[in-house]
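> To convert a position in the sequence shown, counted from 1, into the numbering used here, add 458.
It should be emphasised that the hints constitute simulated quantities derived from the structure, not laboratory data. These figures come from a predicted structure and were not determined experimentally. Among these hints, one or two may not hold up.
As the list claims (entries may be wrong) - Here are the simulated DSS-like cross-link-like pairs (lysine-lysine), alpha carbons at most 27 Å apart as the crow flies:
id, residue 1, residue 2
1, K571, K507
2, K507, K583
3, K544, K507
4, K585, K571
5, K583, K544
6, K544, K588
7, K585, K544
8, K583, K571
9, K571, K588
10, K507, K585
11, K507, K588
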Amino acid sequence: MTALGQLLRRRVNPVVAAIVCAVALAGSLVLMIQGRAAILRDGDEVILKTAPVDPRDLMRGDYVRLRYEDISTVDGALFTGTWPEKNLYAPVWLTLEPGEDGLAVVSALSLEKPDPVKTGSVYLKSKPTKLYASDEPNTGNLRLSLSFGIERYYVPEGEGLEIEDARNAGRTTVAIRVSEDGEPQIARLMIDGEMLYEEPLY
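Hey, can you work out the whole structure from these sequences and the hints?
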(Lines of atoms letter the chains of each structure in order from A; the text may use other names.)
(Lines give C-alpha, C1' and ligand atoms only; values in the text may rest on other atoms or scores of the structure.)
Protein backbone atom coordinates (compact mmCIF):
# COMPACT_ATOMS: atom_id res chain seq x y z
CA MET A 459 0.00 0.00 0.00
CA THR A 460 1.34 3.44 -0.89
CA ALA A 461 2.05 6.11 1.68
CA LEU A 462 -0.95 8.07 0.39
CA GLY A 463 -3.21 5.08 0.86
CA GLN A 464 -1.97 4.60 4.40
CA LEU A 465 -2.57 8.27 5.13
CA LEU A 466 -6.15 8.11 3.83
CA ARG A 467 -6.87 5.03 5.91
CA ARG A 468 -5.75 6.65 9.14
CA ARG A 469 -8.49 7.72 11.47
CA VAL A 470 -8.90 11.45 11.89
CA ASN A 471 -8.12 12.62 15.40
CA PRO A 472 -11.55 13.46 16.91
CA VAL A 473 -10.12 16.43 18.79
CA VAL A 474 -8.72 17.91 15.57
CA ALA A 475 -12.03 17.24 13.78
CA ALA A 476 -13.96 18.97 16.56
CA ILE A 477 -11.66 22.01 16.46
CA VAL A 478 -11.99 22.30 12.67
CA CYS A 479 -15.80 22.10 12.91
CA ALA A 480 -15.90 24.68 15.70
CA VAL A 481 -13.72 27.10 13.73
CA ALA A 482 -15.88 26.66 10.61
CA LEU A 483 -19.10 27.27 12.57
CA ALA A 484 -17.64 30.30 14.33
CA GLY A 485 -16.47 31.71 11.01
CA SER A 486 -19.93 31.31 9.48
CA LEU A 487 -21.54 33.00 12.48
CA VAL A 488 -19.11 35.92 12.30
CA LEU A 489 -19.85 36.40 8.60
CA MET A 490 -23.61 36.44 9.26
CA ILE A 491 -23.24 38.98 12.07
CA GLN A 492 -20.90 41.17 10.02
CA GLY A 493 -23.30 41.09 7.06
CA ARG A 494 -26.23 42.18 9.24
CA ALA A 495 -24.15 44.91 10.89
CA ALA A 496 -23.00 46.21 7.49
CA ILE A 497 -26.62 46.61 6.34
CA LEU A 498 -27.63 48.39 9.58
CA ARG A 499 -24.60 50.68 9.33
CA ASP A 500 -24.45 51.44 5.60
CA GLY A 501 -27.84 50.53 4.11
CA ASP A 502 -30.37 53.03 2.77
CA GLU A 503 -33.16 53.70 5.23
CA VAL A 504 -36.90 53.79 4.57
CA ILE A 505 -39.87 53.94 6.94
CA LEU A 506 -42.70 51.43 6.52
CA LYS A 507 -46.14 51.43 8.08
CA THR A 508 -47.29 48.11 9.47
CA ALA A 509 -50.67 46.58 8.67
CA PRO A 510 -53.06 44.62 10.91
CA VAL A 511 -52.57 40.87 11.19
CA ASP A 512 -55.37 38.32 11.44
CA PRO A 513 -56.25 38.30 15.17
CA ARG A 514 -56.40 34.50 15.11
CA ASP A 515 -52.66 34.47 14.42
CA LEU A 516 -51.50 35.17 17.97
CA MET A 517 -48.04 36.18 19.09
CA ARG A 518 -45.83 33.12 19.21
CA GLY A 519 -43.17 32.96 21.88
CA ASP A 520 -41.08 36.11 22.04
CA TYR A 521 -41.76 37.62 18.61
CA VAL A 522 -44.47 39.66 16.95
CA ARG A 523 -45.65 39.07 13.41
CA LEU A 524 -45.41 42.07 11.11
CA ARG A 525 -47.14 42.87 7.86
CA TYR A 526 -46.45 46.04 5.92
CA GLU A 527 -49.13 48.26 4.47
CA ASP A 528 -47.39 49.01 1.17
CA ILE A 529 -45.06 46.08 0.47
CA SER A 530 -46.62 42.88 1.85
CA THR A 531 -49.37 42.97 -0.81
CA VAL A 532 -48.56 44.88 -3.99
CA ASP A 533 -50.63 45.86 -7.01
CA GLY A 534 -49.46 43.93 -10.08
CA ALA A 535 -50.25 46.96 -12.24
CA LEU A 536 -46.97 48.47 -10.97
CA PHE A 537 -45.00 45.78 -12.80
CA THR A 538 -42.57 47.04 -15.43
CA GLY A 539 -40.72 44.98 -18.01
CA THR A 540 -41.72 41.67 -19.57
CA TRP A 541 -43.97 39.34 -17.58
CA PRO A 542 -42.62 35.74 -17.57
CA GLU A 543 -43.94 33.53 -20.38
CA LYS A 544 -43.88 30.46 -18.13
CA ASN A 545 -44.51 29.90 -14.44
CA LEU A 546 -41.58 31.19 -12.46
CA TYR A 547 -40.44 31.05 -8.83
CA ALA A 548 -38.33 34.16 -8.40
CA PRO A 549 -37.77 37.27 -6.28
CA VAL A 550 -39.34 40.58 -7.22
CA TRP A 551 -37.63 43.95 -6.97
CA LEU A 552 -39.61 46.84 -5.48
CA THR A 553 -38.70 50.45 -6.16
CA LEU A 554 -39.45 52.43 -2.99
CA GLU A 555 -39.80 56.20 -2.86
CA PRO A 556 -40.77 58.49 0.02
CA GLY A 557 -44.44 59.49 0.10
CA GLU A 558 -45.80 62.84 1.21
CA ASP A 559 -45.97 61.62 4.82
CA GLY A 560 -42.39 60.35 4.75
CA LEU A 561 -43.44 56.70 4.60
CA ALA A 562 -42.12 54.58 1.75
CA VAL A 563 -44.42 53.76 -1.16
CA VAL A 564 -43.90 51.32 -4.03
CA SER A 565 -43.54 53.06 -7.39
CA ALA A 566 -42.58 50.04 -9.53
CA LEU A 567 -42.04 46.27 -9.57
CA SER A 568 -39.63 44.33 -11.75
CA LEU A 569 -37.82 41.01 -12.01
CA GLU A 570 -34.44 42.74 -12.05
CA LYS A 571 -32.97 45.65 -10.14
CA PRO A 572 -33.47 48.73 -12.33
CA ASP A 573 -30.34 49.99 -14.05
CA PRO A 574 -29.46 52.79 -13.84
CA VAL A 575 -30.79 53.37 -10.35
CA LYS A 576 -32.80 56.50 -9.63
CA THR A 577 -31.50 59.00 -7.10
CA GLY A 578 -33.64 58.99 -3.97
CA SER A 579 -35.08 55.53 -4.63
CA VAL A 580 -34.39 52.41 -2.59
CA TYR A 581 -34.53 48.97 -4.22
CA LEU A 582 -35.90 46.16 -2.06
CA LYS A 583 -35.71 42.50 -3.11
CA SER A 584 -38.44 40.10 -2.00
CA LYS A 585 -38.06 36.46 -1.14
CA PRO A 586 -38.79 34.19 -4.14
CA THR A 587 -42.49 34.06 -4.97
CA LYS A 588 -44.59 32.14 -7.49
CA LEU A 589 -45.36 34.07 -10.67
CA TYR A 590 -47.86 32.56 -13.08
CA ALA A 591 -47.59 33.07 -16.82
CA SER A 592 -51.39 33.19 -17.05
CA ASP A 593 -51.59 36.26 -14.81
CA GLU A 594 -52.04 39.62 -16.48
CA PRO A 595 -50.41 42.23 -14.25
CA ASN A 596 -51.65 45.28 -16.14
CA THR A 597 -55.35 44.50 -15.78
CA GLY A 598 -55.45 45.78 -12.20
CA ASN A 599 -56.73 42.44 -10.91
CA LEU A 600 -53.39 40.97 -9.79
CA ARG A 601 -52.20 41.34 -6.20
CA LEU A 602 -48.78 39.94 -5.30
CA SER A 603 -48.24 38.69 -1.73
CA LEU A 604 -44.56 39.15 -0.90
CA SER A 605 -42.26 38.48 2.04
CA PHE A 606 -38.83 39.91 2.81
CA GLY A 607 -37.49 38.15 5.90
CA ILE A 608 -38.55 41.06 8.15
CA GLU A 609 -41.94 39.67 9.15
CA ARG A 610 -40.87 38.77 12.70
CA TYR A 611 -39.68 41.13 15.39
CA TYR A 612 -38.23 39.61 18.53
CA VAL A 613 -39.14 41.36 21.78
CA PRO A 614 -38.51 40.87 25.49
CA GLU A 615 -40.88 38.37 27.03
CA GLY A 616 -44.25 39.85 27.91
CA GLU A 617 -43.84 43.04 25.83
CA GLY A 618 -45.38 41.87 22.58
CA LEU A 619 -49.03 42.65 23.30
CA GLU A 620 -48.44 46.43 23.33
CA ILE A 621 -46.85 46.22 19.90
CA GLU A 622 -49.61 43.98 18.56
CA ASP A 623 -52.31 46.37 19.77
CA ALA A 624 -50.50 49.36 18.25
CA ARG A 625 -49.86 47.45 15.02
CA ASN A 626 -53.53 46.55 14.62
CA ALA A 627 -54.51 50.16 15.35
CA GLY A 628 -52.19 51.46 12.61
CA ARG A 629 -49.86 53.21 15.05
CA THR A 630 -46.69 51.21 14.40
CA THR A 631 -43.96 52.05 11.90
CA VAL A 632 -40.69 50.27 11.21
CA ALA A 633 -37.43 51.74 9.94
CA ILE A 634 -35.55 49.30 7.75
CA ARG A 635 -32.15 49.56 6.13
CA VAL A 636 -31.59 48.02 2.73
CA SER A 637 -28.28 46.90 1.22
CA GLU A 638 -27.26 47.46 -2.40
CA ASP A 639 -28.27 43.84 -3.00
CA GLY A 640 -31.81 44.59 -1.83
CA GLU A 641 -31.55 42.77 1.50
CA PRO A 642 -33.41 44.46 4.40
CA GLN A 643 -32.83 44.52 8.13
CA ILE A 644 -35.11 46.07 10.76
CA ALA A 645 -33.31 49.01 12.38
CA ARG A 646 -35.97 50.56 14.62
CA LEU A 647 -39.55 49.93 15.67
CA MET A 648 -41.72 52.94 16.53
CA ILE A 649 -45.18 53.55 18.00
CA ASP A 650 -46.82 56.91 17.25
CA GLY A 651 -43.49 58.06 15.84
CA GLU A 652 -41.64 57.44 19.11
CA MET A 653 -38.84 54.88 19.05
CA LEU A 654 -39.61 51.78 21.09
CA TYR A 655 -36.71 49.52 20.08
CA GLU A 656 -33.49 50.09 18.17
CA GLU A 657 -31.34 47.25 16.89
CA PRO A 658 -27.67 47.32 17.90
CA LEU A 659 -25.04 46.63 15.26
CA TYR A 660 -23.79 43.60 17.21
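> Indicate, hint by hint, whether the structure satisfies it.
Hints, one by one, checked against the model:
| no. | hint | in the structure |
| --- | --- | --- |
| 1 | K571 - K507 | 23 Å, holds |
| 2 | K507 - K583 | 18 Å, holds |
| 3 | K544 - K507 | 34 Å, violated |
| 4 | K585 - K571 | 14 Å, holds |
| 5 | K583 - K544 | 21 Å, holds |
| 6 | K544 - K588 | 11 Å, holds |
| 7 | K585 - K544 | 19 Å, holds |
| 8 | K583 - K571 | 8 Å, holds |
| 9 | K571 - K588 | 18 Å, holds |
| 10 | K507 - K585 | 19 Å, holds |
| 11 | K507 - K588 | 25 Å, holds |
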